[in-house]
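Listed below, chain by chain, are the residues.
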Amino acid sequence: MSGALSIRGVGKTYDPEGASVEALRDCSFEVRAEEFVAIVGPSGCGKSTLLNAIAGFDTVTAGQITLDGRLLAQPGLAPKPGPDRVVVFQHGALFPWKTVLENVTYGPLRQKALSREAARAKALELLRASGGLDSTAASYPAQLSSGMQRRVEIVRALMNDPPLLLLDEPFRAMDGFSKATMHQHLLDLHRRYRKTIVFITHDLDEAIYLADTVVVMTTRPGTVKEIIRVGLGRPRVPQMLYSRDYAELKRSAAQSVHEEARRAFERGEREQA
Amino acid sequence: MLAGYLGAAALWYACVAWVPLESFRRLPDPVAVVTEWLSPQPTYGISIFTEAYYKHILYSTWRASAAFAAATLLGVPLGVCIGWSRSFSGFASALLGMLRPVPPLAWVPLAILIFAGSEAAVIFVTFLVAFFATTLNTAVGVKSIDPDFFRAAACLGASRMDILLDVVLPGALPNIFTGLQIAMGAAWFSLAAGEMIAAQYGLGFLIMEAYNLIQFPTIVIAMATLGLLGYLSSALIRVLGNRLMRWREQSLGFAA
Numbered sequence: 001m002s003g004a005l006s007i008r009g010v011g012k013t014y015d016p017e018g019a020s021v022e023a024l025r026d027c028s029f030e031v032r033a034e035e036f037v038a039i040v041g042p043s044g045c046g047k048s049t050l051l052n053a054i055a056g057f058d059t060v061t062a063g064q065i066t067l068d069g070r071l072l073a074q075p076g077l078a079p080k081p082g083p084d085r086v087v088v089f090q091h092g093a094l095f096p097w098k099t100v101l102e103n104v105t106y107g108p109l110r111q112k113a114l115s116r117e118a119a120r121a122k123a124l125e126l127l128r129a130s131g132g133l134d135s136t137a138a139s140y141p142a143q144l145s146s147g148m149q150r151r152v153e154i155v156r157a158l159m160n161d162p163p164l165l166l167l168d169e170p171f172r173a174m175d176g177f178s179k180a181t182m183h184q185h186l187l188d189l190h191r192r193y194r195k196t197i198v199f200i201t202h203d204l205d206e207a208i209y210l211a212d213t214v215v216v217m218t219t220r221p222g223t224v225k226e227i228i229r230v231g232l233g234r235p236r237v238p239q240m241l242y243s244r245d246y247a248e249l250k251r252s253a254a255q256s257v258h259e260e261a262r263r264a265f266e267r268g269e270r271e272q273a
Numbered sequence: 001m002l003a004g005y006l007g008a009a010a011l012w013y014a015c016v017a018w019v020p021l022e023s024f025r026r027l028p029d030p031v032a033v034v035t036e037w038l039s040p041q042p043t044y045g046i047s048i049f050t051e052a053y054y055k056h057i058l059y060s061t062w063r064a065s066a067a068f069a070a071a072t073l074l075g076v077p078l079g080v081c082i083g084w085s086r087s088f089s090g091f092a093s094a095l096l097g098m099l100r101p102v103p104p105l106a107w108v109p110l111a112i113l114i115f116a117g118s119e120a121a122v123i124f125v126t127f128l129v130a131f132f133a134t135t136l137n138t139a140v141g142v143k144s145i146d147p148d149f150f151r152a153a154a155c156l157g158a159s160r161m162d163i164l165l166d167v168v169l170p171g172a173l174p175n176i177f178t179g180l181q182i183a184m185g186a187a188w189f190s191l192a193a194g195e196m197i198a199a200q201y202g203l204g205f206l207i208m209e210a211y212n213l214i215q216f217p218t219i220v221i222a223m224a225t226l227g228l229l230g231y232l233s234s235a236l237i238r239v240l241g242n243r244l245m246r247w248r249e250q251s252l253g254f255a256a
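Protein sequences, first through last, are from chains E and D.
If you read the first sequence in my numbering, its first letter stands for residue 1, the second for the next number, and so on.
If you read the second sequence in my numbering, its first letter stands for residue 1, the second for the next number, and so on.
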């Protein structure tokens, strides 16, 4: 078992020409191996800053992030992304100039982890298991629906066998029905491949329905406001959305999220004025 | 489309026939030009049956191709460096910003002195305009690539070289081809002008020579030939671009 993520006292202050902006302050929580964690909070709460620090896209100015004991980020350490924690991006980042198969086999081939034939076989198998997407192997991403693109991008991440998957509001732009389908798909993948998942969203329903643990973040500077253990059993099924347990979780979580949302909104009003 | 061509010819004919200006009346009408162009024994020595006509075309085409090829080979790599590296961008943008506003023809005398001859000088001037267009458009193309593509490639374990080949070049390709289109147009423009000033052969030279000898139909033939070559070369780039960017073409039909 691997994929235990530890975030300890992480802070990030941007300093563009003296006007320092504190995006994260003393952010701490632990993610167990194979756990599904959702991070929720209002826009601008530093969710993406935290994700960028875990992914190795950006530095931190305080604290430490480790994955299975290996240091990923601390002040002064040059950030380095890698195939051990692959990101699925908010707006999608499949290479438009590569076919589905070329996109999906990109990681193992560039890392020289698999031979061309082995990568191809694995890709087709994973695509087939993602709702029969193997039939689109020769298509370009723009020929697929946005839901299919998302599933292909998740397959591209899974191809690297990363202990940790980072999903940055991947279903944000989708309609309700596609979103519900994608939720079941993601839960199914999590059950089958047992990856640790860090899922960023501002949708509380989504967070509770998918995750084992919901981390609620405060508005800027972003810090952990509340950690909610979701007691719902697995597999998760849509009926749970109407259960008493779910309603109870939603009620307690909504209160802290709404508090932060109001504070973020009021600050936005002030900054506009 | 055909109606457009016919309309243009009719307008030309009307100008020559009816505009009550002495200087307009001496211009050849479309019929006279086409007759001269297609004549086995042209009055002024230039038609599709004369060797000299093809010699001029060959010279111009060679110069334009050489200049265009050099502009592509130097401009695309330089544009990639400018678009990719911020420090390089600051340095090169200042230099390019200073040189670009100089009109290409203002380079001709200096170029003749530098290259000790008119042939290389004409090619150099042609190269220069094509080079600016290619470099700047490539740089814009690289800068406009979605940063998430770089991040995704890094997550998947791509090296810097992989990122150059798999993200930077294909990502900038649409802009590179826009640049090449502009470069080709600009190349013909300054080629013709350069040939008028400093060349022994070529269509620009032919126009100037026919002007000195007051051979109206030959002037128009050379002009039309330049237009045709410009159109063909630009079509060639478009076809090549569409072939290299199939992913774009297809996305138009199926976009979700």
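For the record, the hints were derived by calculation from the structure and aren't laboratory data.
Each hint should be verified, as a subset may be incorrect.
Claimed, not checked - Quick look at which bits of chain D chain E covers, simulated, 3 or more residues with Cβ under 8 Å:
| id | region |
| --- | --- |
| 1 | 144 to 151 |
| 2 | 162 to 175 |
What the hints assert, rightly or not - Listed below are the simulated EDC-like cross-link pairs for lysine to aspartate or glutamate, each with C-alpha atoms no more than 16 Å apart in a straight line:
| id | chain 1 | residue 1 | chain 2 | residue 2 |
| --- | --- | --- | --- | --- |
| 3 | E | Lys225 | E | Asp26 |
| 4 | E | Lys112 | D | Asp162 |
| 5 | E | Lys80 | E | Glu102 |
| 6 | D | Lys55 | D | Glu119 |
| 7 | E | Lys112 | E | Asp161 |
| 8 | E | Lys250 | E | Asp188 |
| 9 | E | Lys80 | D | Asp148 |
| 10 | E | Lys179 | E | Asp203 |
| 11 | E | Lys98 | D | Asp162 |
Stated by the list, open to error - Quick list of simulated restraints, FRET-style, between CB atoms:
| id | chain 1 | residue 1 | chain 2 | residue 2 | range |
| --- | --- | --- | --- | --- | --- |
| 12 | D | Ser87 | E | Tyr193 | 47 to 55 Å |
| 13 | D | Pro147 | E | Ala173 | 12 to 20 Å |
| 14 | D | Trp62 | E | Ser115 | 41 to 49 Å |
| 15 | E | Glu30 | D | Ser93 | 42 to 50 Å |
| 16 | D | Met98 | E | Asp26 | 46 to 54 Å |
| 17 | E | Arg262 | D | Arg86 | 35 to 43 Å |
| 18 | E | Gln184 | D | Arg100 | 15 to 23 Å |
| 19 | D | Arg246 | E | Asp245 | 45 to 53 Å |
| 20 | E | Thr13 | D | Arg100 | 36 to 44 Å |
| 21 | E | Glu30 | D | Ser87 | 47 to 55 Å |
| 22 | E | Lys80 | D | Met98 | 55 to 63 Å |
| 23 | E | Arg70 | D | Asp146 | 27 to 35 Å |
All C-beta atoms, glycine included, are put in the ideal place defined by N, C-alpha and C.
(request) Starting from the hint list further up, note which numbers the structure goes against and sort them upward. (result) Numbers 5, 8, 12, 18, 21, 22 - these are the hints that the structure violates, sorted from lowest upward.
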